[in-house]
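Novice: Dock chain B against chain A, hints included.
Each chain, letter by letter, is given below.
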Amino acid sequence: MNDFVLILKNLFHKKLRAVLMIVSILVAFAIFGALASFEWAFNSREDSAQADRLIVVNKISMSQQLPVSYFNGVAAIDGVGQATHANWFGGYYQDPKNFLVVFAVEPDSYLKLYDSDFVYGPGAREAFVRERAGALVGERMMAKWGWKVGDLIPLSSNIYSKKDGSHAWDVKIVGTFAGRTPQNDSNVMLIQYGYFDETRSFQKNLIGWIALRTASPGITDKVAKAIDATFANSPDETTTDTEKAFTQAFAAQFGNIALMVGLVVGAAFVTILTIVGNTMAMTIRERTREIGVLKTLGFSGARILRMVLAESVLLALIGGMPGLALAALAIFAVRDDLIQFVPTLTMPPVVVAAALALMLALGLLTGLFPALGAMRLKIAAALGRS
Amino acid sequence: MRSLFLQIVSVTTINLKSLPQRVWLSASTVVAVALVVMVLLSFLAMANGFRRTIEGSGGDDIAVVLRGGSQSEINSAVTHDQVRLIEEGVGIARDAEGKPLVSSELYLTVDGVKRTTGTKANLPLRGIGPQGAALRHDIVMTEGRTFNPGANEIVVGKGIVKEFSGFDLGQAVTFAGAKWTVVGIFSGGGTVFESEIWADAPVVQSLFKRVNVFQTIRARLTSPAALADLKAFAGKDPRTKEFDIKSEAAYFADQASTTSDLIQKLGWPLAIAMAFGALAGALNTMYSSVAARATEIATLRAIGFGGFPAFVGTLIESLTLAAIGGLIGALAEFFVFDGFTASTLGSSFTQVVFSFQLTPGLIAQGVVLALLVGLVGGLFPAIRAARMPIVAGLYG
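Chains as they are written, first to last, in the working numbering: chain A, 1 to 386; chain B, 1 to 396.
Only chain A is shown next, with the shape it has when bound in the complex:
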């Protein structure tokens, strides 16, 4: 009988109590795993944003548009490298509830600028640049709707209408693309700005925003100021921000709700851990006599400390691992349903690592005081206590 067997026997000495504690820990880590993954997905867009990419929007609000002539104006400013422009199309498929992320973009320059984020299917780039009514669709969107390359899709807009009064554009899927990392959202469709602008009935020659890369990362601030200065006092003033600042500001619009959720769940997590800590301490206290016997048999204090700590860490792992697995299952189950709200939802390695670290911390923390007590216990006192 080695120490590990003894630890297991101790742990499941009272089976029901052990199972209950395991369930508590399981629930805590299932909640942690699920919410940390959501939080990561909400904030991951910021991480994927690159520091040397700038976004130029109308100063009034990002939902006001800019004249298309600004594109050439911005491109001519010193320090601006690649630049492109895009429009929010307000797309949906068949029913307004089937909301699609569709950008009307200037094809060649857009693909170049976002080359570092996406991998395109064979021939997809060339086909998209060539086909006026073509659409380039991210693979998650393809999978969600079961589309194939070559399909004709009636694409509706809740903002724009065509000159003939209809709201549906027929676009042909000419290729697909995938994100290089999970942070790069591929639940996206790109269509040609030229085709879109020519066929829409109003707001012609306007663009949503300009995205650009500066010639070198060190000069982003200077270039941003130069762009805004160029258009100061014009009818459409601009605000230029790094892509990161822009996405951060956007995420912040959902506001204190995210914070609230975090606080409430954090508090709950701590409580469940308190229950476990309390029970663990009680378990060890009840075993005082047994520990006295072990010491009489010649177990050193250090060995007893190790055994008690190993028991509590084992308990945390036995409860925590399935909890985390349950969270992963839940995340992957709702992933496709929530694609419109949190497109990059997944359980990233960093959440798994954080959970493992928390399990260790929980095990050590709940075991520490009982273990110290057990280590210092005098044999006479232990055996004397009834």
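Think of the hints as simulated: they come from the structure by calculation, not from any bench. Note that this is a predicted model, so its numbers are computed, not measured. Beta carbons are placed, not taken as given, at the ideal position from N, Cα and C, and that holds for glycine. Keep in mind that the hints are not guaranteed to be accurate.
Here are the computed lysine-lysine pairs in the DSS-like style, where the Cα-Cα straight-line distance is at most 30 angstroms [as the list claims (entries may be wrong)]:
hint	chain 1	residue 1	chain 2	residue 2
1	A	Lys225	B	Lys179
2	B	Lys114	A	Lys162
3	A	Lys204	B	Lys17
4	B	Lys241	A	Lys97
5	A	Lys244	B	Lys114
6	B	Lys236	A	Lys163
7	B	Lys231	A	Lys162
8	A	Lys14	B	Lys17
9	A	Lys244	A	Lys9
Here are the computed distance ranges between Cβ atoms for each label pair [said to hold, decoys possible]:
hint	chain 1	residue 1	chain 2	residue 2	range
10	B	Leu19	A	Val293	29 to 37 angstroms
11	B	His80	A	Ala232	40 to 48 angstroms
12	A	Trp145	B	Ala253	22 to 30 angstroms
13	B	Thr299	A	Leu372	30 to 38 angstroms
Specialist: What follows is chain B alone, placed relative to chain A:
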């Protein structure tokens, strides 16, 4: 029968009086249940507050006219000519001079800065016609006056003033390269309009370069039933037949459902998962309680008490702990979060300021969840207490 009742009373009293002996374990159960209830009530109060703010905004007797397929005001577009056609529509109420009670409006977004975080947020700027304020219930100017027609003046809802900086009375803000002065602050009975900035429609049209274009038309109907007449009227003319016309109440109900459903869908599973955690805690506490009182229970049985009183006593102890937890949770929620103001993006892509609203119904849901935890958490330990062999108990 009477003796059974007396037995139950005395065993229950013993159970409850011995609670202080297990104070930490019992307290951890109470706290766990309280937190479960708080989490559940937070989500429910948030969803409820959001839904009430938006749904309460719409009147039955107000028609909203949107371009077909646009879903929300921000995406809609209506031309000046189309406004004229609708103004002559059937079922629209008229004032004493015979003018139709119609407001053609613009709905744009402008940037504001959130007080709590200092970050930018989309705020709705609504250009309204002279009848605009009268077409909404409960609009009261609490400070200052309304804007003068043709002037760069705005009035702001009190929700905006509270959550976003720079909109105090008399302050100047810059939109579209022009300076606008805040001349008034209004309250709107807790509706979504309190999260809006209003200005004169023609001024907004010219400064935002939307000449001759509006986004929505609001019209007071002679009665809620007149909506069908207006729809039929619009359907006859090719220039207006593709419009979506609905009552303002129906419009806002559609707008509210997605977000509040999402909040509720998040809240219930979370609370249930946590309830299982708390349940494990409660079971643990109660089994410990039964174990600690083993000798006592056996003694009672030996002097003639039945198993059933032991069962009831344990169950009541568990229910008491859960009820205390549930009440603490509900009270804490009430004092900390009821009326707590928050803002988030609504479906028009603009900020909606709303406050958490607890109702007796929601609190009841929370307490029921707490009692369920107490019931299940006490049931099995209670069965064990009732079946405890007397001899083993006396020697344990």
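Novice: Which numbered hints does this structure break?
Specialist: 2, 3, 9, 11
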